[in-house]
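Starting from the given sequences, assemble the full structure and let the hints guide the process.
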Amino acid sequence: MSTTETVASTIKAHILAEFLPGTPSEELDNSYDLIDNGVVDSLGLLRLISWVEQRFHVPLDEVELSPDDFRSIDAIGHFVEASTRS
Amino acid sequence: MRATEQQRELRAGIQAIGPAIEAGHIARDHSGTFSETGWKLLAETGLFGLPFDEESGGLGQDLVTTLYVLEGLGESCRDGGLNFSVSTHMVSAGVPLQRFGSAGLKARYLPGICAGTTIGAHAITEPEGGSDIMRMRTTAVADGDDFILNGTKAFVSNGPIADVIVVYARTGKPENPAGLTAFLVETDSPGLTRGNPIEKMGLRTSPLCELFLDDVRVPRRNVIGSVGAGFLVLDHVMKREILCSFVINVGEMRNRLERCVEYARTRTQFGAHIGSYQSLANKIVEMKIDVETSAKWIFDTAEKLAEGEDVSIDIAITKLITSEANVRTALSAIQVFGGYGYTAEYGLEKELRNAVAGTIYSGTTEIQKQRISTLIGLHRAVKPTKA
Numbered sequence: 001m002s003t004t005e006t007v008a009s010t011i012k013a014h015i016l017a018e019f020l021p022g023t024p025s026e027e028l029d030n031s032y033d034l035i036d037n038g039v040v041d042s043l044g045l046l047r048l049i050s051w052v053e054q055r056f057h058v059p060l061d062e063v064e065l066s067p068d069d070f071r072s073i074d075a076i077g078h079f080v081e082a083s084t085r086s
Numbered sequence: 001m002r003a004t005e006q007q008r009e010l011r012a013g014i015q016a017i018g019p020a021i022e023a024g025h026i027a028r029d030h031s032g033t034f035s036e037t038g039w040k041l042l043a044e045t046g047l048f049g050l051p052f053d054e055e056s057g058g059l060g061q062d063l064v065t066t067l068y069v070l071e072g073l074g075e076s077c078r079d080g081g082l083n084f085s086v087s088t089h090m091v092s093a094g095v096p097l098q099r100f101g102s103a104g105l106k107a108r109y110l111p112g113i114c115a116g117t118t119i120g121a122h123a124i125t126e127p128e129g130g131s132d133i134m135r136m137r138t139t140a141v142a143d144g145d146d147f148i149l150n151g152t153k154a155f156v157s158n159g160p161i162a163d164v165i166v167v168y169a170r171t172g173k174p175e176n177p178a179g180l181t182a183f184l185v186e187t188d189s190p191g192l193t194r195g196n197p198i199e200k201m202g203l204r205t206s207p208l209c210e211l212f213l214d215d216v217r218v219p220r221r222n223v224i225g226s227v228g229a230g231f232l233v234l235d236h237v238m239k240r241e242i243l244c245s246f247v248i249n250v251g252e253m254r255n256r257l258e259r260c261v262e263y264a265r266t267r268t269q270f271g272a273h274i275g276s277y278q279s280l281a282n283k284i285v286e287m288k289i290d291v292e293t294s295a296k297w298i299f300d301t302a303e304k305l306a307e308g309e310d311v312s313i314d315i316a317i318t319k320l321i322t323s324e325a326n327v328r329t330a331l332s333a334i335q336v337f338g339g340y341g342y343t344a345e346y347g348l349e350k351e352l353r354n355a356v357a358g359t360i361y362s363g364t365t366e367i368q369k370q371r372i373s374t375l376i377g378l379h380r381a382v383k384p385t386k387a
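Heads up: the sequence lines are chains X and R, in that order. Residue 4 in the numbering used here sits at position 4 of the first sequence, and the numbers go up by one each step. Residue 282 in the numbering used here sits at position 282 of the second sequence, and the numbers go up by one each step.
If you are wondering where the hints come from, they were derived from the structure by calculation, not from laboratory data. Computed from a predicted model, the values in this text were never measured in an experiment. Just so you know, even glycine gets a beta-carbon here, dropped at the ideal spot from N, CA and C. Treat the hints with caution; some may be incorrect.
Said to hold, decoys possible - Footprint (simulated), chain R over chain X, 3 or more residues, beta carbon under 8 Å:
(1) 32-40
(2) 53-62
(3) 67-80
To be verified - Chain R side only, calculated, beta carbon under 8 Å to chain X, not exhaustive:
(4) T187
(5) S226
(6) A229
Unchecked claim - From chain R, some residues computed to sit far from chain X (all C-beta separations above 12 Å):
(7) L105
(8) A272
(9) F299
Structural data, given as C-alpha cells:
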C-alpha cells in the first residue's frame, strides 16, 4: 500500500468512526462530499481539522486553510500530502 | 503562570498608567462616553500591537505574554468598557489579518491597528439570530473583482468608532461550514451606515451599534483568508477573543478582590474588622478561588492553543467559568461593601452590570454548555448510513 493509500485509509477510518458510525467502509467513497452532504457540520469541521493537525503533524499555523481541503477523503489526503511535503 | 522579567516589565508599563487611563470612569459610565484620552494613552504604550508582527508595527509577542499584559490592564484600569473596546479592537480586526490576511491587506491596515489610529471591529451577530452563525442572512455576491454585501448586523462593539469592520457574510448555502466569508470593510464605504449608539446595561463606555449594508461594494482583495473560509477565520478569532477579553476580566477581578480585602481589614463593625467574621471572610475566600480558577483555565488553555492542541472544549469551559466568576465576584464585592457597594460612587454596581455582559457575548453560558455537551458526544447526530 502506498503512502497516499495509507493516509486515505487512516482518514476514512476516522471519518467512519467519528461521523458515520455503523456505515460499512465500502459505502463511503473517497470522493464523497462530506460538507455539502451534511456529514461534517461546523463543529465537526473544527474537530476534523484538529484531528488532521495532530494525527499527521500538519503545521496549521503555517498553511492556508480552506474548508474545500476537508470536503472529502481525497481532498483531506491531498491537503495532508501538500502540507507535510518538505 | 510564572512570568519572565520581560513579561513583568511589559505589564508594569501598562499598570503604571492605569490610574490616568481610568480617571473619570464612573462619570463616563453614567454618560456612556468612550474615553478618547484613555485610548490615546494606551496607544502610546504600544499595547494594541502587542501580538502582531514587528514588520507590521507590532511588538511580536506571543499569546501568553499578550494575555499576561492584558490581565494587567484589567487589574489597573476600572474603565471596563474601554478595556473591552481594547480587546475587541485587537482581536476582531488585527488577529484575522495577522493570521489570514494577504500581504497587501496586512501592509495596508495592520500598522494603523497596531498604532490605534485605525480602530477595528467585527460584525457577526444579526437581528434574527446571535449564536446561530451558520444561518446568517447577510450575503456577499461576487461581481467582477468585487463582492456586493447586503444585510443587517446587530451588536457591533466599537461599531460607532470603527474605521474598519470585519464583516462575516454568506457566500454559500446556509448551515454549510464552507458558506461563510470574512471581508475587511472600510466604514466610509458607500452603502454602509451605522445606527445610533445603543444604550445598554453595562460596558456603557464601549460604544455599540447596528450596521446596515446596502449594496456595499468590497474589493475581492479585501477577503480575509479565502472565499468560503470565513468560519475558520471566525473560529480562530473567537478562541482568541474569549482568552483576551476574559483575561482582562481576571485582572478586574483581582482589582476587586484587593479592594475587598483592604476594606474588610479596615472596616469595623461591632468592635471588630468585618473580615474577622467568618461569613464575610468566606465570601472573600470564594472570590479568591474564583479569580485563581479563572486565571488557571485561561493560561492553561492559551498554552495548549499555542502548542496546536484542540482546545474546543477548554475554550467553552474557560469562557463559562470566567464569565460566571466575574458576575459572582462583582455581586460579592457589593455585599462586602454593603450600602457603599450599592452606590454608583464606588463603581462596584457598575462592575456587576459590566460582568453580566460577559455571560452573553462570545456565546452565552447556555451556548457554551451546548457546545460542551456536543463535543463530549451527547448530541451526535445520526447521519445517513448510505454514503
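- Tell me if S226 (chain R) is really an interface residue toward chain X, meaning its C-beta lies closer than 8 Å to one of theirs. Since the shortest Cβ distance to chain X is 5 Å, the answer is holds.
- Query: A272 (chain R) clear of chain X by more than 12 Å, beta carbon to beta carbon?
  - Reply: 54 Å, holds
- Message: According to the definition I'm using, a residue is off the interface if its beta carbon is farther than 12 Å from all beta carbons of the partner; does L105 (chain R) meet that for chain X?
- Response: 14 Å, holds
- Query: Are there three or more residues in the region 67-80 of chain X whose C-beta lies within less than 8 Å of some C-beta in chain R?
  - Reply: Satisfied; 3 residues make the cut.
- Under the criterion of a CB-CB separation shorter than 8 Å, is A229 (chain R) in contact with chain X as hinted? 5 Å, holds
- Message: Using C-beta distances, would you say chain R covers the region 32-40 of chain X, given that this needs three or more residues below 8 Å?
- Response: Coverage by chain R holds for the region 32-40 of chain X (7 residues, Cβ < 8 Å).
- Would you settle whether the hint for T187 (chain R) is holds or violated, based on the nearest Cβ-Cβ distance to chain X being less than 8 Å? 27 Å, violated
- With a C-beta cutoff of 8 Å, work out whether three or more residues of the region 53-62 of chain X approach chain R closely enough for the coverage to hold. holds (count 5)
- Query: Beyond 12 Å from every Cβ of chain X: is that where the Cβ of F299 (chain R) lies?
  - Reply: 19 Å, holds
Checked against the numbered hints above, the structure breaks only hint 4 and satisfies the rest.
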